[in-house]
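Chemist: With the hints as your guide, set chain B onto chain A.
Protein chains: 2
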Amino acid sequence: MMLKTHRAREVDESLEAKEVFLAGWVHTLRDLGGKKFIVLRDGTGLVQLVVEKGSKAFDVAQELTQESVVRAKGLVRTDKRAPRGVEVKVEEINILSRAKTPLPLDVSDKVSADLDTRLRERVLDLRRLEMQAVMRIQSAAVRAFREKLYSKGFLEVFTPKIIASATEGGAALFPVIYFGKEAFLAQSPQLYKELLAGSIERVFEVAPAWRAEESDTPFHLSEFVSMDVEAAFFDYNDIMDLLEDLIKGMIDGVQRECSDCLKELNYELPKFEFPIPKITYKDSIEILKKEGVDVKFGDDISTPLLRVLNKALGKDLYFITDWPSSARPFYTKAKGDDPSLSESFDLIFRSLEIVSGSTRNSSRDVLEESLKQRGLNPSSFEFFLRWFDYGMPPHAGFGMGLSRVMLMLTGLSSVKDVVAFPRDKKRLTP
Amino acid sequence: MMLKTHRAREVDESLEAKEVFLAGWVHTLRDLGGKKFIVLRDGTGLVQLVVEKGSKAFDVAQELTQESVVRAKGLVRTDKRAPRGVEVKVEEINILSRAKTPLPLDVSDKVSADLDTRLRERVLDLRRLEMQAVMRIQSAAVRAFREKLYSKGFLEVFTPKIIASATEGGAALFPVIYFGKEAFLAQSPQLYKELLAGSIERVFEVAPAWRAEESDTPFHLSEFVSMDVEAAFFDYNDIMDLLEDLIKGMIDGVQRECSDCLKELNYELPKFEFPIPKITYKDSIEILKKEGVDVKFGDDISTPLLRVLNKALGKDLYFITDWPSSARPFYTKAKGDDPSLSESFDLIFRSLEIVSGSTRNSSRDVLEESLKQRGLNPSSFEFFLRWFDYGMPPHAGFGMGLSRVMLMLTGLSSVKDVVAFPRDKKRLTP
Numbered sequence: 000m001m002l003k004t005h006r007a008r009e010v011d012e013s014l015e016a017k018e019v020f021l022a023g024w025v026h027t028l029r030d031l032g033g034k035k036f037i038v039l040r041d042g043t044g045l046v047q048l049v050v051e052k053g054s055k056a057f058d059v060a061q062e063l064t065q066e067s068v069v070r071a072k073g074l075v076r077t078d079k080r081a082p083r084g085v086e087v088k089v090e091e092i093n094i095l096s097r098a099k100t101p102l103p104l105d106v107s108d109k110v111s112a113d114l115d116t117r118l119r120e121r122v123l124d125l126r127r128l129e130m131q132a133v134m135r136i137q138s139a140a141v142r143a144f145r146e147k148l149y150s151k152g153f154l155e156v157f158t159p160k161i162i163a164s165a166t167e168g169g170a171a172l173f174p175v176i177y178f179g180k181e182a183f184l185a186q187s188p189q190l191y192k193e194l195l196a197g198s199i200e201r202v203f204e205v206a207p208a209w210r211a212e213e214s215d216t217p218f219h220l221s222e223f224v225s226m227d228v229e230a231a232f233f234d235y236n237d238i239m240d241l242l243e244d245l246i247k248g249m250i251d252g253v254q255r256e257c258s259d260c261l262k263e264l265n266y267e268l269p270k271f272e273f274p275i276p277k278i279t280y281k282d283s284i285e286i287l288k289k290e291g292v293d294v295k296f297g298d299d300i301s302t303p304l305l306r307v308l309n310k311a312l313g314k315d316l317y318f319i320t321d322w323p324s325s326a327r328p329f330y331t332k333a334k335g336d337d338p339s340l341s342e343s344f345d346l347i348f349r350s351l352e353i354v355s356g357s358t359r360n361s362s363r364d365v366l367e368e369s370l371k372q373r374g375l376n377p378s379s380f381e382f383f384l385r386w387f388d389y390g391m392p393p394h395a396g397f398g399m400g401l402s403r404v405m406l407m408l409t410g411l412s413s414v415k416d417v418v419a420f421p422r423d424k425k426r427l428t429p
Numbered sequence: 000m001m002l003k004t005h006r007a008r009e010v011d012e013s014l015e016a017k018e019v020f021l022a023g024w025v026h027t028l029r030d031l032g033g034k035k036f037i038v039l040r041d042g043t044g045l046v047q048l049v050v051e052k053g054s055k056a057f058d059v060a061q062e063l064t065q066e067s068v069v070r071a072k073g074l075v076r077t078d079k080r081a082p083r084g085v086e087v088k089v090e091e092i093n094i095l096s097r098a099k100t101p102l103p104l105d106v107s108d109k110v111s112a113d114l115d116t117r118l119r120e121r122v123l124d125l126r127r128l129e130m131q132a133v134m135r136i137q138s139a140a141v142r143a144f145r146e147k148l149y150s151k152g153f154l155e156v157f158t159p160k161i162i163a164s165a166t167e168g169g170a171a172l173f174p175v176i177y178f179g180k181e182a183f184l185a186q187s188p189q190l191y192k193e194l195l196a197g198s199i200e201r202v203f204e205v206a207p208a209w210r211a212e213e214s215d216t217p218f219h220l221s222e223f224v225s226m227d228v229e230a231a232f233f234d235y236n237d238i239m240d241l242l243e244d245l246i247k248g249m250i251d252g253v254q255r256e257c258s259d260c261l262k263e264l265n266y267e268l269p270k271f272e273f274p275i276p277k278i279t280y281k282d283s284i285e286i287l288k289k290e291g292v293d294v295k296f297g298d299d300i301s302t303p304l305l306r307v308l309n310k311a312l313g314k315d316l317y318f319i320t321d322w323p324s325s326a327r328p329f330y331t332k333a334k335g336d337d338p339s340l341s342e343s344f345d346l347i348f349r350s351l352e353i354v355s356g357s358t359r360n361s362s363r364d365v366l367e368e369s370l371k372q373r374g375l376n377p378s379s380f381e382f383f384l385r386w387f388d389y390g391m392p393p394h395a396g397f398g399m400g401l402s403r404v405m406l407m408l409t410g411l412s413s414v415k416d417v418v419a420f421p422r423d424k425k426r427l428t429p
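Protein chains in written order, with numbering that gives the first Met the number 0: chain A, 0 to 429; chain B, 0 to 429.
Treat the hints loosely; a few may be bogus.
[Claimed, not checked] Just a few of them, taken from the derived set where beta-carbon distance is under 8 angstroms, the chain B residues facing chain A:
(1) W24
(2) T27
(3) L31
(4) R135
(5) V141
[Stated by the list, open to error] Computed list of lysine-lysine pairs in PhoX-like fashion (alpha-carbon distance at most 20 angstroms, straight line):
(6) K371(B) with K334(B)
(7) K151(A) with K3(B)
(8) K424(B) with K180(A)
(9) K424(A) with K180(B)
(10) K314(B) with K288(B)
(11) K3(A) with K151(B)
(12) K55(B) with K88(B)
(13) K180(B) with K425(A)
(14) K270(A) with K247(A)
(15) K425(B) with K180(A)
(16) K314(B) with K270(B)
(17) K289(A) with K314(A)
(18) K147(B) with K147(A)
(19) K72(A) with K17(A)
(20) K180(B) with K180(A)
Just so you know, these hints were derived from the structure itself, not from any lab.
Ideal placement from N, C-alpha and C gives every residue a C-beta, glycine not left out.
Isolated chain A (complex conformation):
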């Protein structure tokens, strides 16, 4: 038998005078006259329990500590003074797991510890209402992303994560010992999703990817969830159109499913301009120069430069398109009219790249040349290249970092904060 008849959020005025069984964590405890007020928390939110003096339940409630797990039976009653206008008068209460005191991290207070402490005490930290809101927003966002893709005929796929060679260049790889041989963790599903687009046309994947990032920034993790799309017979403009729909879908999904979470985070989703404005890389460089930045064609546009650009443009969400071919990976297609530029884009949220995409090369000869130009050996990529002999359609796609998109959807400032158990150079537990 399930331990509860209702979840916390489900207790509302419609249940007036009904008996309910609830179970959850003791969020707060308060004594008031001959009564104890317990705010009970579960995965849906909070509900107030009242235990009256003289009852057997009162004796049990005396033993309670914050974050202890309890099960309670009681009657629902409306009371304007209670949060949400409803409370449960407790008839029986059992302690299922008694929490030690003191807690290494306070769960109920909005007074927050620093991120390092919170990540060390993460299991308690995730119980905080703000983190519960973050986890719900994430689930809703990923769901909306997938739903939009299903509706456009995309299939969800699963690509191998243990691979024989690098996809995005040789640096930043984690080696795996695979039955005595060396292999690597996939930096992205790039080459496999291209092959799948070359087999089944429209695919997407939401899965972990790894980069051995030495740098400790609020925007990098060594393990991250990559949301990948690849489609045959699309070019980068088609992909930008699709991506715009996906961004809209995710924002709508979060607004619809999680308005209370946004409130909990005290965050309003930004109102973006649609269609999303596009600016070319070349124009971006010109604007930066006008802003006094010492930058030239071919340079990367790093986060500090994006900050300047963001300010100059006055846009919160924008595409930077047509990047120099030399600045993009070997699989990126050059522009027909100017091969020094590529059919590529980044989607920028303020000063953060959240998506990177392009039309891909679909010719074996061009790919081989492109690998050589980058000092890579085509024969190491034969497992990929050989399929281009057997009917490879034009195709395009993108990779989106879930945790970066989550910064846009939550207003938080570090990807470490939006990932349940982040991995970086110094963090391998919890």
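Modeler: Relative to chain A, chain B alone:
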């Protein structure tokens, strides 16, 4: 501009006399007195193109090879002789990518190569209609699984895949070199999903997991997609009820979304008995003994034994419950009335375990004892155990192997066949 106005399957009688742009692969080519018939394939299926002699398109069509990628413009016309009663009279056709001949694997024929050959030539193999059907069934099944869980208030989570220590015992781990230190690939999200159930109550994850399986069987891979559920305030009976709903949901989803795929595979989904029958481990052993099998309490029930049991029971889908505690992992809860047995189950499809689940231990003392009994050192699990001091609810959950469920949903016989790019001891590419 998108290269196509319609996908192959969308071309039907409602488009009579309309101009369409199509793009895809040349599935088959046929000459028939002054006409060429091209069956064009894309990710949705097939459509017949007709190219008439004397047209410019006819000259281009002369150059075509199987699996070449083309774009065609033409007029839709109904014709009872055509597959699906409709064809496209081609006005223009362009070759986007010309496939070499001969192909290393025939894509259009139902005459199939052996699995080893097909896995080597997998990108072509995935273009076969049967494999396209498998990929669509997989996408629909996972979608239905998630939808059912959302409707029951579960949140999708992402747990770390690089971990500091083993979860399911020390064997069968893949070591990762993590910034110069040794770490491992997660064998399952077990301990992290438990911690998340202890924070946010109801969670699920669909993600890769790894086992360094030495054995080469049709039911094992070294990398697999694990569908995991964990819920606070559930016990194993609640989880079996939930799992039953999920199985129903997946079967309904596949039936609804993919009836044509099942037809392509010439497969009918089995009609299971609901509620799913339950048999205890003890009774299973008794039945096996009656069938003349040399087996005793405490023994594992391996696939050959499950075959005997399946036959004796006459059931295609059944739970084996209440396994010996000694046969289950340390986190499994023992039964209150007989600690030699545990609150655990396997879900068996014919003779294959497709799900394994249990009520989990939620007491630190019991967990420490359980680790010791298995020769494991509690201090290695401190990253997990310490949270049990701070209010850990009773909880339960399961892990389901996607590729094994796919055998049930497709009628295929090897998990290597249902995974796009399977990984085993000898396979690291493609």
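Chemist: Would you mind marking each hint as holding or not holding in the structure?
Modeler: Going through the hints against the structure:
1. This hint holds: W24(B) has a C-beta 5 angstroms from the nearest C-beta of chain A, less than the 8 angstroms allowed.
2. A distance limit of 8 angstroms between C-beta atoms decides the matter here; for T27(B) the minimum to chain A is near 13 angstroms, and the interface restraint is violated.
3. Interface hint at L31(B): violated, since its Cβ lies 23 angstroms from the closest Cβ of chain A, which is beyond the 8 angstroms cut-off.
4. The beta carbon of R135(B) is positioned within 8 angstroms of a beta carbon in chain A (closest approach about 6 angstroms), and the interface hint is therefore held.
5. Contact between V141(B) and chain A, as hinted, is supported at the beta carbon level, the nearest pair being about 6 angstroms apart and thus within 8 angstroms.
6. With a CA separation close to 19 angstroms, the supplied pair K371(B) and K334(B) stays within the 20 angstroms bound.
7. Our distance criterion of 20 angstroms between C-alpha atoms is met by K151(A) and K3(B), whose separation comes to about 14 angstroms.
8. About 10 angstroms separates the Cα atoms of K424(B) and K180(A), which keeps this hinted pair within 20 angstroms; it holds.
9. Our distance criterion of 20 angstroms between C-alpha atoms is met by K424(A) and K180(B), whose separation comes to about 10 angstroms.
10. Between the alpha carbons of K314(B) and K288(B) the distance comes to roughly 18 angstroms, so the proposed pair stays at or under 20 angstroms and holds.
11. Restraint check for K3(A) and K151(B): the C-alpha separation of about 14 angstroms stays at or below 20 angstroms, so the hint holds.
12. Taken as a hint, the K55(B) and K88(B) pair is honoured in the structure, with Cα atoms around 13 angstroms apart against an allowance of 20 angstroms.
13. Note on K180(B) and K425(A): the hinted pairing holds, with a Cα-Cα distance of about 11 angstroms set against a maximum of 20 angstroms.
14. Restraint check: the Cα-Cα separation between K270(A) and K247(A) comes to about 10 angstroms, which is no more than 20 angstroms; the hinted pair holds.
15. For the given pair, K425(B) sits about 11 angstroms from K180(A) by alpha-carbon distance, which is consistent with the 20 angstroms threshold.
16. At roughly 10 angstroms between alpha-carbon atoms, K314(B) and K270(B) fall within 20 angstroms of each other, so this suggested pair holds.
17. Proximity of K289(A) to K314(A) is assessed by CA-CA distance (about 17 angstroms); at most 20 angstroms being required, the pair is judged to hold.
18. Restraint check for K147(B) and K147(A): the C-alpha separation of about 18 angstroms stays at or below 20 angstroms, so the hint holds.
19. With a C-alpha separation of about 11 angstroms, the suggested pairing of K72(A) with K17(A) holds against the 20 angstroms cut-off.
20. The hinted pair formed by K180(B) and K180(A) meets the criterion: a straight-line CA distance of about 18 angstroms does not exceed 20 angstroms.
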